[in-house]
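Novice: Sequence:
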Amino acid sequence: MVDVLVIGSGGAGLSAALAAKEAGASVLVVGKMYPTNSQTSMAQGGINAALGNVEEDHISLHIADTIKSAHGLCDEDMVRHMCADAPQTIEWLEKLGVPFSRIEASQNETNPHSSLISVAQRQMGGASAKRACYAQDYTGLKILHTLYDTCLKEGITFLDEHFLLNLIVPEETIKGVTLLDIRTGEVKQIDAKSVIIATGGYGALYHNYTTNMYGATGDGIAAVLRAGGAVSDMEFIQFHPTGLKHSCILMSESARGEGGYLVNDKGERFVDELKPRDIVARAIFTQMQAGHEVFLDLRHLGEEKLMELLPQEVALCKLHEGVDPAHDLIPIKPVAHYTMGGIDVDEALEINGIKGCFAVGECSNAKVHGANRLGGNSLLEITAFGRFSGENAYKHAVYASSKPAADTQRNKDRAHIEALFTKKGEENFYRYREALGKLFYEKVGIVRHNDSLNEALEAVIAMQVAQKEMGLFDKSRHTNQNLIEYLEFQNTLLLAPTIISAAIARDESRGAHFKLGFEEENEAFRKHIVLQWKKEDQ
Numbered sequence: 061m062v063d064v065l066v067i068g069s070g071g072a073g074l075s076a077a078l079a080a081k082e083a084g085a086s087v088l089v090v091g092k093m094y095p096t097n098s099q100t101s102m103a104q105g106g107i108n109a110a111l112g113n114v115e116e117d118h119i120s121l122h123i124a125d126t127i128k129s130a131h132g133l134c135d136e137d138m139v140r141h142m143c144a145d146a147p148q149t150i151e152w153l154e155k156l157g158v159p160f161s162r163i164e165a166s167q168n169e170t171n172p173h174s175s176l177i178s179v180a181q182r183q184m185g186g187a188s189a190k191r192a193c194y195a196q197d198y199t200g201l202k203i204l205h206t207l208y209d210t211c212l213k214e215g216i217t218f219l220d221e222h223f224l225l226n227l228i229v230p231e232e233t234i235k236g237v238t239l240l241d242i243r244t245g246e247v248k249q250i251d252a253k254s255v256i257i258a259t260g261g262y263g264a265l266y267h268n269y270t271t272n273m274y275g276a277t278g279d280g281i282a283a284v285l286r287a288g289g290a291v292s293d294m295e296f297i298q299f300h301p302t303g304l305k306h307s308c309i310l311m312s313e314s315a316r317g318e319g320g321y322l323v324n325d326k327g328e329r330f331v332d333e334l335k336p337r338d339i340v341a342r343a344i345f346t347q348m349q350a351g352h353e354v355f356l357d358l359r360h361l362g363e364e365k366l367m368e369l370l371p372q373e374v375a376l377c378k379l380h381e382g383v384d385p386a387h388d389l390i391p392i393k394p395v396a397h398y399t400m401g402g403i404d405v406d407e408a409l410e411i412n413g414i415k416g417c418f419a420v421g422e423c424s425n426a427k428v429h430g431a432n433r434l435g436g437n438s439l440l441e442i443t444a445f446g447r448f449s450g451e452n453a454y455k456h457a458v459y460a461s462s463k464p465a466a467d468t469q470r471n472k473d474r475a476h477i478e479a480l481f482t483k484k485g486e487e488n489f490y491r492y493r494e495a496l497g498k499l500f501y502e503k504v505g506i507v508r509h510n511d512s513l514n515e516a517l518e519a520v521i522a523m524q525v526a527q528k529e530m531g532l533f534d535k536s537r538h539t540n541q542n543l544i545e546y547l548e549f550q551n552t553l554l555l556a557p558t559i560i561s562a563a564i565a566r567d568e569s570r571g572a573h574f575k576l577g578f579e580e581e582n583e584a585f586r587k588h589i590v591l592q593w594k595k596e597d598q
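Take the sequence shown: its position 91, counted from the start at 1, is 151 in our numbering, and no numbers get skipped.
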């Protein structure tokens, strides 16, 4: 029996694994893909930390910006925890070897963290200062590779290409999980004293309309729901303002942070590019609804600066859109990017209702992002809270029983997988996956209306009914991608009604949830929240 079992091998899972290992735990990391393929690699712009490199920045301003961006829908204690840990998190990452971009030390003599004095920082949308530490525009990738390398150095064991099926939760206490070995088709059980869910968000519900990989299907969240856990704030999905028009590939916010413009087909700028993402995305959507095309303009930055600071953006534009940012406008549109809601956890990141099971990263609702995540805070959350969850999981494991779990859940899951192979299944679920993505983008998207939301809910219920007729066309037992994608689709159909129902129930416009008939932005409320926080902080 392993002390700490981590499900998910992205930045959150790897950070958790390293912390648990350092505390003295035996650790196993399970992932349905290889760690370097995880969603973390797609986070380009930076990781927030008030290092003191800029005189006008401070941890208190980072906290205030986060609360303002969240539209007050956050736990201020958790926000304080995350933001206060940020400088130490950057220091930890740098010691591990993350190659942050640098500035001349002579440019910066006010930093109390002497080892971080030369870490370069850029401004992201919604931030009041240059706060995002970056590694060109490969920040998430460089962090991910460094964390993975460190895990290998520390001797942490990995079990790749294993798909999470269910949690084993007798008497509201975690005892392990069941997994599908993708390569062999075998259903396995792993017993553990504590479990950390770090499986990412559910942006892939917006299939073909998201920056997320196809596999971001909320597998961990769905497993928690089946085990009796709860979710919250599922209606809050962030739409990134600048996805490439034809491929939905992410154009990092760093492009605007470095001075990029947003223009319509008349060459007009129509929004402050560094407003929070929900505001910028709606401004672009409004232009598109009026019949305009929208572009990201980086031409004035010059080729030398682009290649120094944004080489990945240049390569992606050339590859996926056939444009050169040094000379051409970049066609863009807002697409689903990040899911603020997720698994309900307490202040220790332990899942409410399941003892010994923790959740961290995009799958978790730690109440730090609220109605709209601040750019640069996602990499901070997965590393700062990843370490925190690993420490807490080890503390639970020290006193947990080492008695193995019964094999009841494994037998159920074996029967379920076997039934899928014998089922005829005349309906092609891929057609429904495409339809679900389009449905969500059009009716559960940037701008919502109760009538459209109710239509979407009816359509999803019809898909759930039709699921009885869906099945596999590939009956092979080994490395069956058709099987994995079907299981992922089952998870998305479980989550879809929770998202829509939450959106219907929230009759207000707040952050990423903008509902017609309730358009008031409630700016006065946001200002009240921030002013109230500042008074309490004094």
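Worth flagging that the hints you see were computed from the coordinates, not collected in a lab. Heads up, the beta-carbon is just placed ideally off N, CA and C, and yes, glycines get one too. Among these hints, one or two may not hold up.
Unchecked claim - Restricting the straight-line Cα-Cα distance to at most 30 angstroms, the calculated cross-link-like pairs of lysine-lysine (DSSO-like) are:
(1) Lys463 x Lys484
(2) Lys472 x Lys202
(3) Lys472 x Lys535
(4) Lys483 x Lys472
(5) Lys483 x Lys463
(6) Lys202 x Lys326
(7) Lys498 x Lys472
(8) Lys202 x Lys213
(9) Lys335 x Lys575
(10) Lys455 x Lys213
(11) Lys190 x Lys365
(12) Lys472 x Lys427
(13) Lys248 x Lys326
(14) Lys305 x Lys213
(15) Lys190 x Lys484
(16) Lys393 x Lys415
Claimed, not checked - Distance windows between CB atoms, simulated:
(17) Asp406 x His118: 46 to 54 angstroms
(18) Gly382 x Gln349: 21 to 29 angstroms
(19) Tyr490 x Ile521: 13 to 21 angstroms
Novice: Determine for every hint whether it applies to the structure shown.
Specialist: Structure-based check of each hint:
1. Between Lys463 and Lys484, the direct Cα distance comes to roughly 40 angstroms. Violation of the 30 angstroms bound is thereby established for this hinted pair.
2. Restraint check for Lys472 and Lys202: the C-alpha separation of about 40 angstroms exceeds 30 angstroms, so the hint is violated.
3. The straight-line distance between the Cα atoms of Lys472 and Lys535 is roughly 20 angstroms, inside the 30 angstroms bound, and the hint therefore holds.
4. At most 30 angstroms may separate the alpha-carbon atoms for a hinted pair to count; Lys483 and Lys472 meet this at roughly 16 angstroms.
5. Distance check on the hinted pair: Lys483 and Lys463 sit about 36 angstroms apart at the alpha-carbon level, beyond 30 angstroms; violated.
6. Restraint check for Lys202 and Lys326: not satisfied, since their Cα atoms lie roughly 38 angstroms apart, outside the 30 angstroms limit.
7. Our distance criterion of 30 angstroms between C-alpha atoms is broken by Lys498 and Lys472, whose separation comes to about 33 angstroms.
8. With a C-alpha separation of about 17 angstroms, the suggested pair Lys202 and Lys213 falls inside the 30 angstroms cut-off, and the hint holds.
9. The straight-line distance between the Cα atoms of Lys335 and Lys575 is roughly 20 angstroms, inside the 30 angstroms bound, and the hint therefore holds.
10. The suggested pairing of Lys455 with Lys213 holds, with an alpha-carbon distance near 23 angstroms, which does not exceed 30 angstroms.
11. Under the criterion of a C-alpha separation no larger than 30 angstroms, the hint pairing Lys190 with Lys365 is consistent with the structure, at around 18 angstroms.
12. Distance check on the hinted pair: Lys472 and Lys427 sit about 34 angstroms apart at the alpha-carbon level, beyond 30 angstroms; violated.
13. For the hint linking Lys248 to Lys326, the alpha-carbon distance of about 59 angstroms lies beyond 30 angstroms, and the restraint is violated.
14. Our distance criterion of 30 angstroms between C-alpha atoms is broken by Lys305 and Lys213, whose separation comes to about 41 angstroms.
15. The suggested pairing of Lys190 with Lys484 is violated, with an alpha-carbon distance near 57 angstroms, which exceeds 30 angstroms.
16. Taking the CA atoms of Lys393 and Lys415, the gap is near 42 angstroms; set against the 30 angstroms cutoff, the hint is violated.
17. Range check, Asp406 to His118: about 28 angstroms between beta-carbon atoms, so the 46 to 54 angstroms window is missed.
18. A C-beta distance of roughly 26 angstroms is found between Gly382 and Gln349, which places it inside the suggested range of 21 to 29 angstroms.
19. Restraint check, Tyr490 to Ile521: a C-beta distance of roughly 20 angstroms satisfies the suggested window 13 to 21 angstroms.
In terms of the numbered hints stated before, the structure departs from hints 1, 2, 5, 6, 7, 12, 13, 14, 15, 16 and 17, listed from lowest to highest.
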